[in-house]
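Hey, can you work out the whole structure from these sequences and the hints?
Position one of the sequence shown corresponds to residue 1 (UniProt numbering), numbered consecutively onward.
Heads up, simulated DSSO-like pairs for lysine-lysine below, C-alpha to C-alpha not over 27 angstroms straight-line:
1. K90 with K110
2. K29 with K83
3. K83 with K120
4. K120 with K29
5. K120 with K90
6. K120 with K110
7. K83 with K98
Pair by pair, the computed Cβ-Cβ distance ranges are:
8. D63 with R115: 26 to 32 angstroms
9. K29 with Y100: 26 to 32 angstroms
10. E50 with E93: 32 to 38 angstroms
11. T41 with K98: 19 to 25 angstroms
12. F25 with E123: 18 to 24 angstroms
13. S22 with P77: 28 to 34 angstroms
None of these hints come from the bench; they were simulated from the model.
By construction, the Cβ of each residue, glycine as well, lies at the ideal position given by its N, Cα and C atoms.
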Amino acid sequence: MKTTEAAHKVLVVDDEPNIVMSLEFLLRKAGYAVSIARNGTEALEAIDREPFGVVLLDIMMPDVDGYHVCRHLRQLPGHQETKVIFLSAKSREADIQKGYEAGADLYLTKPFSTRHLLEKVCELAPLTT
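Take a look at the structure:
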């Protein structure tokens, strides 16, 4: 797959259906190809299967946490260009620091502004080639 194609693909990883639905709608409307993972295991399978331009990643999930998913992604060959944005209710400085140490490009705390999030996705993975 050409890297420009991968750059336009976003993986949304969250166990909260309302967040997944709203982010999927928002990103598709903006022109991104969106894939969904409802837990850490699905996220690991998705990133092993194909490259993404951006991964929107929740931290607290029932099986594998977002930190683990991010570290796994960072170790995969061919995924160095993937941008990771953590979306988490964990807002303590230590949690945020841990997110960046795991390899995040950006850490946004919930609740977040969808407009602000979309601006950040567009900055990290612009649709114009």
